[in-house]
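Asker: Chains as they are written, first to last, in my numbering: chain Y, 1 to 235; chain V, 1001 to 1235.
If you're looking for bench data, these hints aren't it; they were derived computationally from the structure.
Be aware that a few hints might be false.
To be verified - Partial selection, computed: residues in chain Y whose CB lies under 8 Å from chain V: (1) S98; (2) M99; (3) Q137; (4) D140; (5) S177; (6) P181; (7) R215; (8) R219.
As the list claims (entries may be wrong) - Straight-line Cα separation of at most 30 Å, DSSO-like style, residue types lysine-lysine; simulated pairs: (9) V:K1121 with Y:K121; (10) V:K1087 with Y:K87; (11) Y:K121 with V:K1087; (12) Y:K121 with Y:K150; (13) V:K1150 with V:K1114; (14) V:K1121 with V:K1150; (15) Y:K87 with V:K1121; (16) Y:K150 with Y:K114; (17) V:K1087 with V:K1066; (18) V:K1087 with V:K1121; (19) Y:K150 with Y:K87; (20) V:K1087 with V:K1150.
We put the beta carbon where it would ideally sit given N, CA and C, even for glycine.
2 protein chains.
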Amino acid sequence: MNLVLLEPSNFIAETRARLQGRALQHIREVHRANTGDTLRVGVVNGRIGRGTIESIHSDAVEMSIKLDTDPPSPLPLRLILALPRPKVLNRTIAAAASMGIREIDLINAWRVEKAYWESPKLSEENLREQSILGLEQAGDTVLPTIRLHKLFTPFVREQLPPTLEGKRALLAHPYASEEMPRQVRDSIVLAVGPEGGFIDREVETFREMGFSEVRLGPRILRVETALAALVGRLF
Amino acid sequence: MNLVLLEPSNFIAETRARLQGRALQHIREVHRANTGDTLRVGVVNGRIGRGTIESIHSDAVEMSIKLDTDPPSPLPLRLILALPRPKVLNRTIAAAASMGIREIDLINAWRVEKAYWESPKLSEENLREQSILGLEQAGDTVLPTIRLHKLFTPFVREQLPPTLEGKRALLAHPYASEEMPRQVRDSIVLAVGPEGGFIDREVETFREMGFSEVRLGPRILRVETALAALVGRLF
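From just these sequences and the hints, can you work out the full model?
Answerer: In structure tokens form, the structure reads like this:
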């Protein structure tokens, strides 16, 4: 936790916040912070600054808050991601949020197992919690917007295309002949497939909607590793 | 598992291999493979090809093996990594192996907790197992060489410098003014610090040994995310 993220509900006065639960535990056990210590803080979807501990007990910590910095700029990237296995989902959402990805569409695909859509990890609450873990790691405050699309075709053929204007649409695909571009200046829409990849018919649909297939390298990476490598390369 | 990695001991004849344990379980439960099916296989530190299942039972699978491809080229990167927390170590080793990193030096630093060096995860056996998981994910066969250096100064001041000739030595550092280079042609030695970073004195030591400090971006990433982003950007 490189930043303590405050919710509006944590403020008990304009410049004073009170925290309990996970954040309190982390401040006590990992930071081992005492009265008078300062910590990096930020407000969800807001500014960043310092919190000075006014009191800290087993039930709550109170800090006086001074916010003076804007959060880092978001990446100009919208991620279209085939829904990963529940075990992988949490890590992937946290990693994406930590890298500054602010728009994530989780979509269905032939190789996404139906059962994944029933996972409690897809609850709004869990997706928000994973995003917050990523932001607290990164030192950022802006939550990604995460949308779920249980039907591939209506999303890729109808909802997605009107949003692509002026953007560069890329499909990460292990067998593409074109290399993933580097240091792009455009706003990017990046589609990443499931384990085993999108099937040919899905690749064809993306192609018809204006996506270019690009490959990353000779190795098949786990989704969260691939995503970080793609972001490192694109921006 | 995108490739089944065979040890020399798995060969019961020149072109026939017999597997039990974790690989067998994966082939039965995830691939749900039957007699006659073919799987991608490779030999540890050797070539890649196809295995055709000749028999499969609850106690063993036997495959006829045809090897016809070299593994992907390794990355021209030696990683000098401050020993991560044991929980993070496994993921990081697997991710590094999956990306084609073939030389990893785990080193001490001021912010590495002493207890990390006592972790059973540092056993040769576990480091090899994590590497194999990474290689099987990536479709690669070549194990990284992983070395442990419990003393920072003798390693960075004495052992490391003679090996740096002709290479570009970079230190990933959040507060550096210079940006991480892109698409390098050189062979790279990359040092990555612990959570919280190397302390000033350590940064100074790296600098004296010829390392340049470079930054990745405005966000602080987890070590395995940072590593993938660095690799994506450098190569």
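Asker: Does the structure keep Y:K150 and Y:K87 at a Cα separation of 30 Å or less?
Answerer: Given that 30 Å is the threshold and the Cα spacing comes to 19 Å, the pair holds.
Asker: V:K1087 and V:K1066: Cα distance at most 30 Å?
Answerer: Given pair V:K1087, V:K1066 is violated - Cα atoms ~37 Å apart, limit 30 Å.
Asker: Quick check on Y:S177 please, does its C-beta sit within 8 Å of some C-beta on chain V?
Answerer: Hint violated; Y:S177 Cβ to chain V Cβ min 17 Å, cut 8 Å.
Asker: Does the CB of Y:S98 sit less than 8 Å away from some CB of chain V?
Answerer: 6 Å, holds
Asker: Hint check: V:K1087 vs Y:K87, CA-CA at most 30 Å. Holds or violated?
Answerer: 16 Å, holds
Asker: Y:K87 and V:K1121 were given as a pair; does the straight-line alpha-carbon distance stay at or below 30 Å?
Answerer: With Cα atoms ~21 Å apart, Y:K87 and V:K1121 stay inside 30 Å; holds.
Asker: Between the alpha carbons of V:K1150 and V:K1114, is the straight-line distance 30 Å or under?
Answerer: With a Cα-Cα distance of about 9 Å, the restraint between V:K1150 and V:K1114 holds, given a limit of 30 Å.
Asker: Has the given pair, V:K1121 with Y:K121, been kept, meaning a C-alpha gap of at most 30 Å?
Answerer: 29 Å, holds
Asker: If you draw a straight line from the CA of Y:K121 to the CA of V:K1087, is it 30 Å or shorter?
Answerer: It holds: about 21 Å lies between the C-alpha atoms, which stays within 30 Å.
Asker: Measuring from the C-beta of Y:R219 to each C-beta in chain V, is the shortest one below 8 Å?
Answerer: 4 Å, holds
Asker: Less than 8 Å between beta-carbons is the criterion; does Y:D140 satisfy it with respect to chain V?
Answerer: 6 Å, holds
Asker: Regarding the hint that Y:Q137 lies at the interface with chain V, is the smallest CB-CB distance below 8 Å?
Answerer: 6 Å, holds
In the structure shown, a violation is registered for the earlier hints numbered 5, 6, 7, 17, in ascending order.
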